[in-house]
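Novice: Below are the chains, spelled out letter by letter.
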Amino acid sequence: MAGSATNDAAKPLILTDNDTGDKYTLEFSRESVKFAEARGFDVEDVGKYPMTKVPDLFFYAFRKNHRGVARERTDRMLFDDLKGLSPAAIERLLALYTAPFEALVVAEDDGGEKNARMTVEL
Amino acid sequence: MSYAEQFYEAFPYYLSIGMPSHEFWDGDPWLVWGYRKAHGLKNEQRNYEMWLQGLYIHESISVAIENAFGRKKGQQPVRYMDKPIRITPLTEKEKADKAEMARQKLIAELTAWEKRFNKGKSTEGGEQSGGHN
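Residue numbers (our numbering), protein chains in the order written: chain Y, 1 to 122; chain U, 1 to 133.
Next comes chain U alone, as it looks inside the complex (with noise of 0.2 Å):
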């Protein structure tokens, strides 16, 4: 087979990897093993969508069986994620505002115990104060 021939052969997979004509035949022959390689990596990302695509439809269908099926009388329906699943990284300002919150919360939770375990010590302090008198 020529080099001709086996250019022809190849032709129709280019173009339909979106490679213009004039590039495969005038340009820069390394120019479809950049082609190539792009469209693997759009392949990657279409296969990604996909799978992303069929988290959301799982955790759909979970919220709804769960709802239909395994909700106790007077339990709180269970919601469907409020917010799309997170795909790109955090950016520095949202790792710090994540970090802030998580040590509010952290801060909420003790000086709730705080206020339990003291509140707690009084009541038995009364009691025990109660019982001498």
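One chain only, chain Y, in its complex shape (with noise of 0.2 Å):
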């Protein structure tokens, strides 16, 4: 797929378990997002909570592409095999998970602009 609207997208994240060679991709669909609702999560609570927010995302993370990880082993990923995530890694997960909402959202770039009273300039 091509156009500036998916050049911009955040693209997944990879683990990769240097013991196993297992990888892990790490990325949101539209039911992972729904699963992580269903389940109470809200987004805009990982900023207020981190300590127990990033590791509620970092699991539903997995369930697009690796349904059957448990909610233990992410865990134990996180806190003994990462020792957490940096903030660019956050931040990635942040973008992959509104993703599925900005791809609904986001304006086409075939000339629409053309006829628009407003425009945005970054």
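Heads up, a few of these hints could be off.
What the hints assert, rightly or not - According to the in silico footprint, chain Y covers these stretches of chain U (three or more CB under 8 Å from chain Y):
(1) 2-11
(2) 62-70
(3) 112-118
Unchecked claim - Straight-line Cα separation of at most 20 Å, SDA-like style, residue types lysine to any residue; simulated pairs:
(4) Y:K34 to Y:K23
(5) Y:K34 to U:Y14
(6) Y:K53 to Y:R73
(7) Y:K11 to U:W25
(8) Y:K53 to Y:E72
(9) Y:K34 to U:L15
(10) Y:K23 to Y:V69
(11) U:K83 to U:E59
(12) U:K42 to U:Y14
(13) Y:K34 to U:L31
(14) Y:K34 to U:E5
(15) Y:K11 to U:D26
(16) Y:K34 to U:A4
(17) Y:K34 to U:F11
Keep in mind that the hints were calculated from the coordinates and are not lab data. Heads up, the beta-carbon is just placed ideally off N, CA and C, and yes, glycines get one too.
Each chain sits in its own coordinate frame; assemble them with the hints.
Specialist: And the structure:
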């Protein structure tokens, strides 16, 4: 898929277990976001309560591609193996979490702006 | 409104433009962008086809009206276009054939003109020579 909208999309976060060689691709689908919200997860809480919400976010990020991985295992990976996530990695997970929503509302780039009354510059 | 609620709200729209349910929920989140864009292109194409159909209808009615009310006695009836309107660009071979046809037509016209010219000249010359005699 090509296009400016998709070029800005966050790339999945890939974890590699150096002992076993297992790779985990962390990203979100609409189903996994729905799954997280159904369990009371609110993305806005990640900044407020990082100690509890980052592990939640981390666990939900496995659901799309590695549904069988249990919460205990993801917590172990996060706290014991990785010793936490860097701010950049958390930011990436947040971007991946919001992508299913952003993709629904992102504006088309095929000339629609020509007739628009207002434009946005970044 | 939660994200999930917004997904449920958008879901029927994406189903209506042909996105399978599993792609919407489990696929790459940005697929929706592709489906939206494809839908826009499809609409444009449909709009163009409808416009083209209108053009054909306009042409056929114009021909019918011209033949019914505008044709003079003895005049050949106007014919509806014998080929569809071309909507795809010409291939290189077609371009070359078209250029060759135009060239042949020009040659034929010039040859005919030359013949007329020479005929007129000889007639004029004959009259002149006749006049002298």
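Novice: Closer than 8 Å, Cβ to Cβ, for at least three residues: run that test on the stretch 2-11 of chain U against chain Y and report holds or violated.
Specialist: With 6 residues in contact (Cβ-Cβ under 8 Å with chain Y), the coverage given for the stretch 2-11 of chain U holds.
Novice: Against the 20 Å threshold, does the CA-CA distance of K34 of chain Y and A4 of chain U hold or violate the hint?
Specialist: Distance ~5 Å between K34 of chain Y and A4 of chain U Cα, so the pair holds.
Novice: Mind checking the alpha carbons of K83 of chain U and E59 of chain U for me, to see if they're no more than 20 Å apart?
Specialist: With Cα atoms ~12 Å apart, K83 of chain U and E59 of chain U stay inside 20 Å; holds.
Novice: Just to be careful, I want the Cα atoms of K34 of chain Y and E5 of chain U compared with a cutoff of 20 Å; is the pair within it?
Specialist: OK: K34 of chain Y and E5 of chain U at ~9 Å, within 20 Å.
Novice: Has the given pair, K23 of chain Y with V69 of chain Y, been kept, meaning a C-alpha gap of at most 20 Å?
Specialist: 12 Å, holds
Novice: Regarding the pair K34 of chain Y and K23 of chain Y, is the alpha-carbon distance no greater than 20 Å?
Specialist: Violated: K34 of chain Y and K23 of chain Y sit about 24 Å apart, past 20 Å.
Novice: Holds or violated: K34 of chain Y and F11 of chain U, Cα atoms, limit 20 Å.
Specialist: 13 Å, holds
Novice: Within 20 Å, alpha carbon to alpha carbon, are K42 of chain U and Y14 of chain U?
Specialist: 14 Å, holds
Novice: CA of K34 of chain Y to CA of Y14 of chain U, is that 20 Å or under?
Specialist: It holds: about 17 Å lies between the C-alpha atoms, which stays within 20 Å.
Novice: Hinted pair, alpha-carbon criterion (20 Å max): K53 of chain Y, R73 of chain Y. Please report holds or violated.
Specialist: Satisfied, since the Cα-Cα distance of roughly 16 Å is no more than 20 Å.
Novice: Hint check: K34 of chain Y vs L31 of chain U, CA-CA at most 20 Å. Holds or violated?
Specialist: Holds. K34 of chain Y to L31 of chain U sits at ~17 Å (cutoff 20 Å).
Novice: When you check the alpha-carbon spacing of K11 of chain Y and D26 of chain U, does it fall within 20 Å?
Specialist: Answer holds: K11 of chain Y to D26 of chain U is near 16 Å, not above 20 Å.
Of the numbered hints given earlier, the model fails hints 2, 3, 4; all others are met.
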